[in-house]
Amino acid sequence: MPSVRFRLNGVELDVDADPDRSLLDILRGQLGMTGSHFGCGAGECGACNVIVGDRAVSACDTPLWSVADKDVTTIEGLGTSERPHPLQRAFIVEQALQCGYCVSGILISAAALLKRNPSPTSREVKQALDRNLCRCGSHHRMVRAVLRAAEEMAAQ
Amino acid sequence: MNQPAPAPPPPKLPVSLAANPKLSSWLKFSSDGLVTVSPGKVEIGQGIVTALAQIAADELDIDLSRVQMSRASTAASPNEGVTSGSLSIQQSGRALRHACAEVRGIFLQHAAERLGVEIDALDIEDGTISGPGNVRTSYWELADEVSLDRDATAGVTPKIAARRALTGNSVQRIDIPDKVFARRRFIHDQVLAGMLHGRVLRPEHTRAKLIALKEDGARAVAGLVAIVRDGSFAGVVSATEHGAELALQALRKGASWSAGDMLPDEADLASFLKAQPSELTVIDQKTAASPGKTARTIRRQYTRPYIAHASIAPSCAMARWNGDRVHVWTHSQGVYLLRADLALVLKLPAENITVEHLEGAGCYGHNAADDVALDAVLLAKAAGGRPVRVQWSRQGEMSDAPFGAAMAIEIEADLDAQGEIVDWRHDIWGNGHVARPGRAALPALLAGFELAEPFPRMVSTNPPQANGGGGDRNSVPLYDFPSWRIESHRLTTMPIRTSALRTLGAQGNVFAIESFLDELAAERGEDPVAFRLRHLRDERARDVIRAAAARARWKPARQPGIGHGVGFARYKNTGAYCAAIAEIEGAEDISVRKLTLAVDVGEAINPDGVINQIEGGAIQATSWVLKERVRFDRQRITSTDWTEYPILRFSEVPDVEVEVIQRPDIDPVGAGEAAHGPVTAAIANAVFDALGVRVRHLPITRDRIIAAMELTS
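Keeping their order, the protein sequence lines are chains A and B. Each residue of the first sequence is one higher than the one before, counting from 38 in our numbering. Each residue of the second sequence is one higher than the one before, counting from 9 in our numbering.
By construction, these hints were calculated from the structure, which means they are not laboratory data. Wrong hints could be hidden among the right ones.
Lysine-lysine pairs mimicking DSS-like chemistry, simulated, CA-CA at most 25 Å apart [stated by the list, open to error]:
1. 163(A) with 602(B)
2. 30(B) with 217(B)
3. 36(B) with 20(B)
4. 217(B) with 36(B)
5. 163(A) with 635(B)
6. 107(A) with 152(A)
Extracted from the complex, chain B is given alone in its bound form (with noise of 0.2 Å):
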């Protein structure tokens, strides 16, 4: 008997299209011969909004200067929650795709009954729909007619890779000349009627309360306009930026803290990090059918210390009050997540509160753009309604905002007597690394901890794997090992404020992981590339490695001082692939000469984008390997400006090749986390290959280079 064909399941929409369904929410013609296109993703500095303009464009048959993309915001955007985890080309670009296809559909519908000619018979080319007979009208022409006030249906098409044509080609940034001209397109550079600048006081040892403050200084200086205090929150607003620095310096003066909070040994991460209490979560595990048998096990510790932001502008907001409304302009990454969190603090509804985007610099994460959103809407509120803009200095941006979260990870693997893989285990300590806001009951900001009525100080957390993880991202390997079991535990305290960094945990797993299978290669005598080829069966993932290892000759002849090494990952084991081979040159003091990478993002919606952020990701990546760690002593943090947080230099930056293999009719994911992982890897592999020492704690420094000499010799 034949059984009937099990149904295909019901076509579903785009999550972030499912979740706005309203197709007015994400696109409108005007009678300008211009369509807007209001994503809820951000600009930070990774070309989102030129990839996604290009998407609606080619969806729609239309020139890219017609495409005008608006600036998310509370008062009108579609909802998709934050712009991280190299998701926006997924969500934004997915559903922007799927509803211009719609909208496209609709308006030749309406094209068809108004010029009376059948559907499949119209064309349409730069918005103009045309038909037999010389029959034609527009996009424009018929936008009163046609209302978008409609909800999304699942099951549209868009077009196929083959019929796209601005797509996977490299289209000038369209943000590029505002910057190069210095047009004001930074938050930091608006200047609003009437506006006022506000300076917020924070203490010098971390978490110190502010027991006493004396006002007279500050209330001497000229332009003052107001001091504000609620608990050991305490900050000024004057007429001027220059006024409001003197008078946090004033302030500063008169106020008298408490002991503070007693930091972990910087000198001992390790030991702290798992000393802590902690919640285990069993990330992953996998049973062999018919388990080997075990003749030795490796145990190997790695780690990496808390990484700043370190975004070179110093966050900045403003804020403006009009009775029980507030209106904010901010940098952050999720306009509505902000909105919520404030609404928390303030103990307002929601609809009180808009919360508009403006560009900021680079933030690679969660850094202080939500803190000082709410410091301006604090001290807005003592400006009679002007609006006041504030922005933290450069010692608040290293020393307040959240860190990347250190990491212990030790991974122990039972070998046979072939030395092959028989059981794998991965352990992760550390704090959470998301405390992101706008997620949970309480709110995550800053002078939310600070008020007289404080809320209580969040403890990150972290997202489960199905959302990539967030300690735990990467951690459970690509390749087939017969058996592994991975497990996390989270620390329930927080002596330093953690979130979301670039990549999250991936930076410190693949580090750990990669390093760990270049050390069990290299004990077999076997090639660390031929090595991982062997244990990995996705082809998108061997063509990465291979690419990448054709490109950098693999494996160069040996030079004394030069070292060659390989890295590899697909970002959260779902996004994109990259594989990595660094060369490095140097004996205590090493220098990166070259890194190689390629890297299968899918569909390349913007290549030279993708390779900008894959070239970026692999320069920032090389600094935090040989550079970057937060310092402090048990106090405070001590690593508040750039040269005690050195970042690397144009001398120091490595010649980067970076290979994109196009795959069009694979869905796109985005490329600005992949990596950083892999290169980290390749580094310390490549100083085992000059070297022959194994440094497997962050960064790679010459101190760290001595010590891991002296333990081998």
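Chain A extracted, bound-state conformation (with noise of 0.2 Å):
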């Protein structure tokens, strides 16, 4: 079986797989790690978005060869309850979801937005988010945490 080296949430690691499958189906299935959600296996809602590099990309249709020797950050990368993510703690805050099955996916998209522009208008937001489906309705909610995660971000 070929290898496969990349980075997880900041450990390097070499993955036996066929390198053609998914990286979301690696991650939950090979690794065990099941924050990264499964939605749509076609990359048309972002539940299961990752940052590779440092974009948003949906792991259902990302093959794991395509991740070689990159940096792939998951939402157990992000943070935890000992050490959170502004996103994170923004997110129970604004009380920013309603089921939450969409979250972790969201949090990435805005943990990537974030990166390339710390400072991002309710506008910027909600395109860097576009990608990411919600069903509950709670769209407002979330647009809200991430403008707050960016304000206390830049007060640091």
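From the two separate chains plus the hints, produce the assembled complex.
Here it is as structure tokens:
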């Protein structure tokens, strides 16, 4: 079995798997990291978004080979309850979800946005999240939470 | 002679408590300073678990952090039927409030005896019971001595509103941290020891039968554990999820199917619905004391398409057999109801089946949650006692799950010479809106229709008006028209599978009624808000309309390309009051810029939770109105992905403002479905205000607007 090497949440990793398999399948199946969610399998909903390099991509249509030697950040690498990412803190403060299934992908898209644009406008946040679907209608709270996190990060 | 005053009716237990009277089934104190509360309702993203925890903590006088909410399971929980219809606060909330009030009283009584003080001298603070002379004990100290294995009694009085400390406040939801930190809270993320993965093969053409199945391709896939076939039901079990996917692909290649059933013509749904055999029910009738004189009659027809639940997560379940007993993990809205149907299909006593709830994504009604549970149970039979996890595909979720029923609605009004309404007639054609499991002598689960010895396909029915109705939900006007007749024509055939979608028929009926009223007001040259207020006597109804209008500065000055519209309903005519004002922009392509809503749910247990529900409902309704319809040709559902079934995106979401009218002394009702009807009507009415055309067929798309313009010109 060929092996693909990449950095997952800062940790160097060799994964023995068919390099054509999707990154999501490897994350959830082989690596047991279930924070990235399956939604559609076609890159249409954003529930499985991860950061590759500095961009949010859908892991379900990202083949494993394409992340070779790259940095991959999943929701598990974003923060923990002990050391939360400002976005995670802001999503709690704003109560920015209903069911929350889409939220890990949304946090990832937002994190990628804040890396390249630390002080986005509300319109820019909406654009950055436009490929993430939310069915419960929590959009406004999520946008508010991203803006709150950006402010907090700017103040630090 | 003085008549004796009639005796007051004997006090009654809240319905859920009457059905499950044992107090210990609702709450238990543990010696570690915690209380476990076990509602029969489940979290579906609506925040119910937090609201119920608030109610319990408040009534018991304990800190919210001491409350542990247990997940519903047929092994232990009270049976509260299904988590639907915005009834959880009403049913579970009232039951818990009553149960906790009674438990509090029992502990106080016990403490009084133990401490040797009068019960009235005792006080409870965060579970510590104290009295004069510094005597003290606590729930937890007494927990071993006080048995709650006793039935609740009627006549217990919970705290008055002014003495409640927690309810009425926006506390943070207890499930959100897990979701933000991606802890394994969703059923999709659970990993059981020895877990295998299953996938089920389903036909592309609706209701096609599996004629032949070549299994060799699937057998060759690494990790395959079993291929299961029973009639037209077929599936694979594999050691890995990836292996299950590959085996399913191979199995699909080896499958031959019959032609399947013919679907209706999507382009002319109203004609189809009205031509089908149906069962007529007169929903309501009101006769005028002195009928007015009819000068003319106006008739309008409205339609709404089939709408998909379109949960972001494909449905998922796990099952594990042990001999003739099976344990099922599910995100079903009703663990007992699912168990009842599983028992029918498996021909097993219900006691052999344990159904345990785990959270899924928002479902918005009866989606494939129950179907996939039976799939898992059937596949797990071949797994030698190992648990099998089954997850549907996006395509399956969008085509094989039940849909919200399409509706054709005709309203006809007789008007007098002044254009005032003399008589009102409302007719609804469509399939029933409910085919949930656990309610009939036959099962409602998809795989049950596919077995070699199949159960007949269930045809959806409508709940009676007393339970809120189905297709007829919200069809009886709240307005004081002198007379009316409301009829429902429920189809007795069902080529496209329907079941409960958020609001059942209320969205369609409110759209029709409120659009029609708007048209009548416009014809009279009367302001639509004033017109509605003139026909409403219920002060709570008038208040939400006035509040929304004031907040939206009704009616803003005319600007080209901008329109404003209003919509109102009281959900089910017994639930939450909601008024919406929409501001839209555009010509042929419209966007909703802003929605302003006012809502009255009585006592709002968690006001931010109410706002979250109303705001979410308003945005979802906007999505339904602007974008959503299930697409199909004559053989199959074709809207099986997010491209063919688009929903509203971040860049398209309107601004939403919500005002909650707090009424702490009025029993609380749910908020989850109150906004959909009013928002739908408000958008349609705003389109008329902007463009001068009435779009009477949902969704309001570019094509529909152009068609309406052509009709007008």
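Do the hints match the structure? See the list:
1. Among the hinted pairs, residue 163(A) with residue 602(B) is consistent with the structure: their alpha-carbon atoms are about 16 Å apart, no more than 25 Å.
2. A C-alpha spacing of about 48 Å is found between residue 30(B) and residue 217(B), which places the hinted pair above 25 Å, so the restraint is violated.
3. Between residue 36(B) and residue 20(B) the alpha-carbon distance is near 23 Å, which keeps this suggested pair within the 25 Å criterion.
4. At most 25 Å may separate the alpha-carbon atoms for a hinted pair to count; residue 217(B) and residue 36(B) exceed this at roughly 50 Å.
5. At most 25 Å may separate the alpha-carbon atoms for a hinted pair to count; residue 163(A) and residue 635(B) meet this at roughly 19 Å.
6. The hinted pair formed by residue 107(A) and residue 152(A) meets the criterion: a straight-line CA distance of about 17 Å does not exceed 25 Å.
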